[in-house]
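As they're listed, the protein sequences go chains P and Y.
Numbering of the first sequence is given in the numbering used here, commencing with residue 12 and proceeding in unit increments.
Numbering of the second sequence is given in the numbering used here, commencing with residue 15 and proceeding in unit increments.
One thing to keep in mind: the hints can contain errors.
Keeping only pairs whose Cα atoms sit at most 27 Å apart, straight-line, the calculated DSSO-like set for lysine-lysine is [what the hints assert, rightly or not]: (1) Y:K85 with Y:K72; (2) Y:K19 with P:K68; (3) P:K113 with Y:K19.
No lab work stands behind these hints: they were computed from the structure.
Given the structure is predicted, the values throughout are model-derived calculations rather than measurements.
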Amino acid sequence: NAGVTQTPKFQVLKTGQSMTLQCAQDMNHNSMYWYRQDPGMGLRLIYYSASEGTTDKGEVPNGYNVSRLNKREFSLRLESAAPSQTSVYFCASSEFYGFGEKLFFGSGTQLSVL
Amino acid sequence: QQQVKQSPQSLIVQKGGISIINCAYENTAFDYFPWYQQFPGKGPALLIAIRPDVSEKKEGRFTISFNKSAKQFSLHIMDSQPGDSATYFCAASNPQFYFGTGTSLTVIP
């Protein structure tokens, strides 16, 4: 049972380059998320998708785009990478477990923009 | 502006001791307060959660204390073990999740 799978695990980009972070979940969850984690900042929501075909901005969406390709896959694209986008990126999906919403995170992508 | 404020940033506790991490919030629309645990190289995982209609929730060695009037909540880890060494994040949801800045806990043998 893979859960949430993210690729790649590591990436180095030069300023201005573009790339897409891939995410897939096998738990049949409707909601999916992209977070970034920075030292001293915690986890901040970039974009989320409440269901297939819908996407919404989170706290820090500038410089990013997303695509909910189908129920399983949610990708994050950096069109023109900047050093400020150096971070660890986490994809997550969620389900309601009777008490509240439970987030399931992937293992992260460490991105460096030079 | 940080929606959820977490302290301390780092914590060192002796094995068998009590670890306490504190969080505070301002938005009274938050109605769900989970704690996530993250080990190096892994994504965070749900540890324990509470809703504001109760003042305490306990699961094994982990307890959340919730003070609705003060808009504060805390995680207590009793009998702390080296395996508890991790980063802990508090969060608040309405329903979007807002995370604290994290606490790096080290439990020394």
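Kindly indicate which numbered hints from before are broken by the structure, ordering the numbers from low to high. Violated hints: none at all, because every hint is consistent with the structure.
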